[in-house]
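**Student:** Residue numbers (my numbering), protein chains in the order written: chain R, 23 to 451; chain U, 259 to 516.
No lab work stands behind these hints: they were computed from the structure. Quick reminder that beta carbons are idealized off the backbone N, C-alpha and C, glycines included. Please note: incorrect hints may appear among the correct ones.
[To be verified] Pulled a few chain R residues facing chain U out of the computed Cβ check, cut under 8 Å:
1. TYR32
2. ALA34
3. ALA352
[Stated by the list, open to error] Distance ranges between label pairs, derived from CB positions:
4. U/VAL439 to R/PRO317: 36 to 46 Å
5. U/ALA419 to R/LYS206: 57 to 67 Å
6. U/LYS310 to R/ARG423: 13 to 23 Å
7. R/THR389 to U/VAL439: 37 to 47 Å
8. U/GLU472 to R/ARG320: 52 to 62 Å
9. U/SER410 to R/ASN412: 43 to 53 Å
10. R/ALA345 to U/GLU407: 33 to 43 Å
11. R/LYS206 to U/SER386: 30 to 40 Å
12. R/ALA352 to U/THR489: 22 to 32 Å
13. U/LEU431 to R/ARG283: 38 to 48 Å
14. U/GLN374 to R/LEU417: 36 to 46 Å
15. U/VAL439 to R/ALA352: 17 to 27 Å
16. R/ARG423 to U/PRO312: 26 to 36 Å
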Amino acid sequence: MATKTIRVDYIARVEGEGALELHIKDGRATSAKLAIFEPPRLFEALLRGRGFAEAPDITARICGICPVAYQMSSVHAMEQALGVTVDGQLRALRRLLYCGEWIESHALHVVMLHAPDFLGFQDGIQMAAKHGDAVRGGLALKKAGNELMRVLGGREIHPVNVRVGGFYRVPRRAEFAPITEQLKRARELAVATVRWVAAFPFPNYQRDYEFVSLRHPDEYPINEGRIVSNRGLDITVDEYDSEFEERHVAHSTALQSVLKRRGSYLVGPLARYNLNFDRLPADVQDMARESGLAPVCRNPFQSIIVRALELVYACDEALRIIAAYEPPDAPSVPLEPRAGIGHGCTEAPRGILYHRYEIDDKGAIVTARISAPTSQNQLSIEEDLCEVANQSSDLSDDALRDRCEQTIRNYDPCISCSCHFLKLAVHRE
Amino acid sequence: MAERRRPRLAVWKFASCDGCQLSLLDCEDELLAVADAVEIAYFPEASSVMAKGPYDLSLVEGSITTAHDAERVHKIRRQSKFLVTIGACATAGGIQALRNFADVNEFVAAVYASPQYIKTLATSTPISSHVKVDFELNGCPIDRSQLLEVISAFLAGRKPAIGNHTVCIECKLRGTVCVMVQGTPCLGPVTHAGCGAICPSFNRGCYGCFGPKERPNTASLAAEWLKLGATPRDLHRVFRTFNAAAEPFRQEADAHGD
Numbered sequence: 023m024a025t026k027t028i029r030v031d032y033i034a035r036v037e038g039e040g041a042l043e044l045h046i047k048d049g050r051a052t053s054a055k056l057a058i059f060e061p062p063r064l065f066e067a068l069l070r071g072r073g074f075a076e077a078p079d080i081t082a083r084i085c086g087i088c089p090v091a092y093q094m095s096s097v098h099a100m101e102q103a104l105g106v107t108v109d110g111q112l113r114a115l116r117r118l119l120y121c122g123e124w125i126e127s128h129a130l131h132v133v134m135l136h137a138p139d140f141l142g143f144q145d146g147i148q149m150a151a152k153h154g155d156a157v158r159g160g161l162a163l164k165k166a167g168n169e170l171m172r173v174l175g176g177r178e179i180h181p182v183n184v185r186v187g188g189f190y191r192v193p194r195r196a197e198f199a200p201i202t203e204q205l206k207r208a209r210e211l212a213v214a215t216v217r218w219v220a221a222f223p224f225p226n227y228q229r230d231y232e233f234v235s236l237r238h239p240d241e242y243p244i245n246e247g248r249i250v251s252n253r254g255l256d257i258t259v260d261e262y263d264s265e266f267e268e269r270h271v272a273h274s275t276a277l278q279s280v281l282k283r284r285g286s287y288l289v290g291p292l293a294r295y296n297l298n299f300d301r302l303p304a305d306v307q308d309m310a311r312e313s314g315l316a317p318v319c320r321n322p323f324q325s326i327i328v329r330a331l332e333l334v335y336a337c338d339e340a341l342r343i344i345a346a347y348e349p350p351d352a353p354s355v356p357l358e359p360r361a362g363i364g365h366g367c368t369e370a371p372r373g374i375l376y377h378r379y380e381i382d383d384k385g386a387i388v389t390a391r392i393s394a395p396t397s398q399n400q401l402s403i404e405e406d407l408c409e410v411a412n413q414s415s416d417l418s419d420d421a422l423r424d425r426c427e428q429t430i431r432n433y434d435p436c437i438s439c440s441c442h443f444l445k446l447a448v449h450r451e
Numbered sequence: 259m260a261e262r263r264r265p266r267l268a269v270w271k272f273a274s275c276d277g278c279q280l281s282l283l284d285c286e287d288e289l290l291a292v293a294d295a296v297e298i299a300y301f302p303e304a305s306s307v308m309a310k311g312p313y314d315l316s317l318v319e320g321s322i323t324t325a326h327d328a329e330r331v332h333k334i335r336r337q338s339k340f341l342v343t344i345g346a347c348a349t350a351g352g353i354q355a356l357r358n359f360a361d362v363n364e365f366v367a368a369v370y371a372s373p374q375y376i377k378t379l380a381t382s383t384p385i386s387s388h389v390k391v392d393f394e395l396n397g398c399p400i401d402r403s404q405l406l407e408v409i410s411a412f413l414a415g416r417k418p419a420i421g422n423h424t425v426c427i428e429c430k431l432r433g434t435v436c437v438m439v440q441g442t443p444c445l446g447p448v449t450h451a452g453c454g455a456i457c458p459s460f461n462r463g464c465y466g467c468f469g470p471k472e473r474p475n476t477a478s479l480a481a482e483w484l485k486l487g488a489t490p491r492d493l494h495r496v497f498r499t500f501n502a503a504a505e506p507f508r509q510e511a512d513a514h515g516d
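The following block holds chain R by itself, in its conformation from the complex (with noise of 0.2 Å):
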């Protein structure tokens, strides 16, 4: 019997330590395991007896590259569990920020990390040298984003202007000005990018996954909506442990967020574009069409486009709130500790990113749990890779250890942000 282990020792290209080891017997792949050595840093059990407020500055730094998600999940789930609502221009410079994030994090993913999988690359600098424009056009995004996070956060990684309750101090409209110029030739970087990416020759590969996001009732979904799935899910966020749970799986030591009753699914700028095709504006949804991308899309590959669509929204959508901004009377709502329990659940760039905190009547953290994107996505790219590989079979080694990387940079991981969980990739046979 013809036995071959594909490996990859330290999956370059994505954020944090992982490696991939791929088990293929006669043809057939009859394990792939994603496996994170990544050090577990203990964020639910530190968080313990800190105070509420400190929450959204400590759980940014579970990851230098989505921390924006982190401070928008934990204070959303403290605002409830303290009873209030921050709503009006506090709500909307909340999604403006996120619009940052999303644009730093796609244009870093799409173009320097993602983009040299498909054209032959083994970096953005390298490509440089052959798409020197496309790789300019994607730093001067992702450099847009990031001021955004800069002229509205304070800086770029872990921002310091989110507190619960609303900001420290928000900006006069006055310092807006640059960033809308920025923005505006940002949008046409982005437009470009779509362009660019959707001409990338994609494998033919779809699988019919269960695709979950927000939804909400009038906009494309950041930072709040029903969770819900294209197979019937449709719960608040509240009620998402009676949904989902980490599980072990056999022969694993892994624990992976599933859905109790379905198993895998798969979360991030697919699910969310399947799921709201009709929450995008009509442009969006045109350029979609001209990108070759049906309203529901099942081919993981083309995420790039997706993500790349959403960088023309994020734009845009960036640019709106900032015509309609008038500055509020307070930079954030008054609090009061007392006990209770908040859930929070918004869209990071790699998906939902879900928070529930536990509080005590002096407003000290009694209890924490958060479940990253990646450890959602994580049992869903396994099943990937087992696919992929059983359709690649005309590849060579290397060809398929590149087919897999490329796989699992479909997913943008972000392996820090799933530090706490782990898989060890031992393999007996």
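Use these hints to put chain U onto chain R, whose structure you have.
**Tutor:** Chain U only, in chain R's frame:
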């Protein structure tokens, strides 16, 4: 024309959030120029090229929390002419050093259903606890311009021009009105400069993410905090956060119990 030998740069990760190495990719205007001036020999977050050592400059992110990493950092040291730590994790142990003040087994049991599968050390320690470090760059996260300065300085064989004053001085330099005189407790007087005093410019007190400056008078500052209405618990928490294991902050946190 013979190609000049470019200095070789490597970027390493230990327990961390990736934010400090992301700072290098966040140098959008300079990245291609940096890549031209140096050979980016090992930087897995950005490239599939993973060239073997030796390296002229190794940037190390993250803290040591596993036995395997404690060995790995020695291998990196041996292959590196200069080794510079980037950020609070590599320089002081990071937020994950809160385990140093607790029972790590209890911590693991609180997070994982099967704690027996988790191999981790009882402490999170900075790189300097394990190997010789040529320079430590502070910050959670580090500042991009300081990173570019450190890279340029080491490759040019000079000392990095990184000031060792406080965030307090940075406020004066940028003309920010002191938040403490307006009643907001601030760690600016004891915190290492480098961020450009961002928090006070947002009407917020500094929370010390750049760690202690040399010989900080934390006790005096703590007394001022109490006068402004902060509780001992507030003081304990603020010193015990992103640079909890840095000695001056550790001592001041201890002085205020829990």
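**Student:** So which of those numbered hints doesn't the model satisfy?
**Tutor:** 3, 4, 5, 11, 13
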